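Residue numbers (this note's numbering): 1178 to 1604.
Any given hint could turn out to be false.
Within a straight-line C-alpha distance of at most 27 Å, the following computed DSSO-like cross-link-like pairs (lysine-lysine) qualify [unchecked claim]:
1) Lys1521 x Lys1452
2) Lys1412 x Lys1550
3) Lys1412 x Lys1213
4) Lys1256 x Lys1215
5) Lys1521 x Lys1213
6) Lys1442 x Lys1576
7) Lys1277 x Lys1334
8) Lys1284 x Lys1521
So the derived label-pair ranges between C-beta atoms look like this [as the list claims (entries may be wrong)]:
9) Leu1343 x Glu1374: 19 to 29 Å
10) Thr1435 x His1581: 46 to 56 Å
11) Leu1489 x Met1577: 34 to 44 Å
12) Arg1269 x Leu1489: 23 to 33 Å
13) Phe1199 x Thr1462: 15 to 25 Å
Rather than coming from a laboratory, the hints here were simulated on the basis of the structure. Just so it is clear, the structure is predicted and the values come from calculations on it, not from any experiment. Ideal placement from N, C-alpha and C gives every residue a C-beta, glycine not left out.
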Amino acid sequence: MLPQVHQADIDYHLPNEKIAFFPLHDRDQSKLLVYKDKTITDTHFLHLADFLDENCALVFNDSKVIHARLLLQNQHSTKIEVFLLEPVYPTRDIASAFSKTGMVAWKCLIGNAKKFRDAIDFDVVMQKVEGRKQKAEQEMNREDDDDERMIKITAEKGDRVGDAFLVTFMWEDETVTFAEWLEAYGKMPLPPYIKREANATDEERYQTIYARQQGSVAAPTAGLHFSESVLQSLKNKNIALKNITLHVGAGTFKPITTDAVLEHKMHQEQIVISKDTVDFLLQNTHKKVIAVGTTVARTLESLFIIGAKLFLHIAEPFRVAQFEIYENAQMQEVSVENALTALKSYFDENRCDEIYAATSLMILPQYPHKIAKGLITNFHQPKSTLLLLISSYLGADWKMIYEHALSNGYRFLSYGDSNLYISSKNF
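Throw the hints in and build the complete structure from the sequences for me.
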């Protein structure tokens, strides 16, 4: 049974001055609101380990934010912005798309799309690793053409795909991958409400310190607070740590505009399931699994659904639909152990170490989380699907928690402060 939720149920007033438009100097100096057993504690993220013990296991999203914003000019010098969403050709797999050479096609949002009629050529300056001078004094006060080369890229706008377009990028140098020239030319895609250009600080700070797998167009922001010091403090308490991958899409910023929340079409995102992750979860079913971010919570629940579909022999197990878990009573009754064991068997039978899947799962209030019983997360935008997910952990208490944060100097959204939600009933 799908719960009836209205837009007003996930709305609150967020003053502009409460939004963090810049990161703090130190990651782990952000404030931390801990909500446990109906009690709020105000502290700082540096002290996260004080609220956890060796019976906990933290799961992180190691997806890396790509330089998804491309600023182009047509032949009349009109500015056009292209925002990469997801690969289409020659592969829809994000990891593989970055290794391609010569040509790729991506689904993209385009600013000033009417002015993007003809193909646009642009040059990318690529630094040569070979021959790069190591001594700074040798590089100063002179130009060294041997240290860089120019790559010409051609961009062509294709058919409309929903509110986006297909854009094909072509280049002749087969020694340069898409990832390499994108890293050199593209810009860090700050959230749309941060109306400024990304700077050198953003290059480091809008990225977690453990980011590894290229593919996100927005940061998994709960992880931005972690420093090496915080990670070490968790290890010192023998708290198990594990990475998974969900590539965050631009849909994460899409507000719910319909009064009836169930009419909102959930965005689809790619996830990577590794055999190692499934083994880790099976070995730690007795522990308190805490998701570092809403993306991890969504990935873990999608992983359970995939395993349940394999266990029940349901078609298309690696594509998780928006509401299918709510509409299938049999799936809801599958145990976590059976779902994970079915996944492990799939890996063994197919002799593979990774599975690529897609999820459109919408986590609604009263959703019974199967794997992650606790959550570390930021404060989210009004009328967002992320607030829906928060309410699945907190119920109506989320409004009281947000009111406390607004009244006690917490900073909101991607560069803002953090929360830890844990409940004895889940543990």
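Evaluated hints:
no. : hint                          : result
1   : Lys1521 x Lys1452             : holds, 7 Å
2   : Lys1412 x Lys1550             : holds, 20 Å
3   : Lys1412 x Lys1213             : holds, 22 Å
4   : Lys1256 x Lys1215             : violated, 52 Å
5   : Lys1521 x Lys1213             : violated, 34 Å
6   : Lys1442 x Lys1576             : holds, 24 Å
7   : Lys1277 x Lys1334             : holds, 19 Å
8   : Lys1284 x Lys1521             : violated, 33 Å
9   : Leu1343 x Glu1374: 19 to 29 Å : holds, 27 Å
10  : Thr1435 x His1581: 46 to 56 Å : violated, 29 Å
11  : Leu1489 x Met1577: 34 to 44 Å : holds, 39 Å
12  : Arg1269 x Leu1489: 23 to 33 Å : holds, 26 Å
13  : Phe1199 x Thr1462: 15 to 25 Å : violated, 41 Å
Hints 4, 5, 8, 10, 13, counting from the list given before, are not met by this structure.
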